[in-house]
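K.L.:
FYI, this note's numbering numbers position 26 of the sequence shown as 26, with every residue one higher than the one before it.
In short, the hints are calculated from the structure, not lab data. Do not rely on the hints blindly, as some may be mistaken.
[What the hints assert, rightly or not] Result set (DSSO-like, lysine-lysine): computed pairs, CA atoms no more than 27 Å apart in a straight line:
(1) Lys-113 <-> Lys-87
(2) Lys-113 <-> Lys-98
(3) Lys-98 <-> Lys-70
(4) Lys-108 <-> Lys-87
(5) Lys-98 <-> Lys-108
(6) Lys-87 <-> Lys-98
[Unchecked claim] Ranges between beta-carbon positions, derived for each pair:
(7) Asn-103 <-> Leu-15: 46 to 52 Å
(8) Glu-96 <-> Arg-65: 43 to 49 Å
(9) Pro-66 <-> Leu-107: 46 to 52 Å
Every residue gets a Cβ at the ideal spot worked out from N, C-alpha and C, and that includes glycine.
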Amino acid sequence: MNIKMKNTLIIIATLILGFVIGFLANSRLSQIRIDNMRQEFTQRGMDYRFIRALEPSPEQLKIIRPILDKYNDIRMNNLQTHWEDQKQIFDDFEDEIKPYLTNQQLLKFERIKDNLNRKKPKRKDYNKRSKRKHRNSQRN
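Work out the full structure: start from the sequences and follow the hints.
P.N.:
As structure tokens, this is what we get:
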């Protein structure tokens, strides 16, 4: 092979390798962001963030735990109220728009509604400690 062909292949291989590395890095960073958002909706997520940042002693943790639980309950009730408000807004929207839609549009609307309901987070008692073992080390 001549030098021009080798240089061209090296440049193309470098570009392809760059795309692959960029794709993998982007997907990992996106996954980390999604995991962080998911943690915001759980009691363990708030605990993990504050306890990791503050590094309280066992004595402090005994005092801090009820405070964390109290504000976790407040946050979870606030989120539950928000989700209920959003559902009410969507129901009002549905009632107002349905009379103006065709049958085909109504079917599409129902599919959209089913997809939204499927993704709805489930409310549970967030301050009940799970019986399964949780990792104590830092997450990646």
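K.L.:
All hints are to be evaluated individually against the structure, with a verdict given for each.
P.N.:
Hint-by-hint comparison with the structure:
Only pairs whose Cα atoms come within 27 Å are accepted, and Lys-113 paired with Lys-87 is accepted, the gap being roughly 11 Å. Between Lys-113 and Lys-98 the alpha-carbon distance is near 12 Å, which keeps this suggested pair within the 27 Å criterion. Taken as a hint, the Lys-98 and Lys-70 pair is broken in the structure, with Cα atoms around 42 Å apart against an allowance of 27 Å. For the suggested pair Lys-108 and Lys-87, the alpha carbons sit about 18 Å apart, so the restraint of at most 27 Å is met.
At most 27 Å may separate the alpha-carbon atoms for a hinted pair to count; Lys-98 and Lys-108 meet this at roughly 11 Å. For the given pair, Lys-87 sits about 16 Å from Lys-98 by alpha-carbon distance, which is consistent with the 27 Å threshold. Between Asn-103 and Leu-15, the C-beta spacing of about 50 Å keeps the proposed range 46 to 52 Å intact. Glu-96 and Arg-65 have their C-beta atoms about 47 Å apart, which keeps the hinted 43 to 49 Å range intact.
Distance hint check: the CB atoms of Pro-66 and Leu-107 are about 51 Å apart, consistent with the given range 46 to 52 Å.
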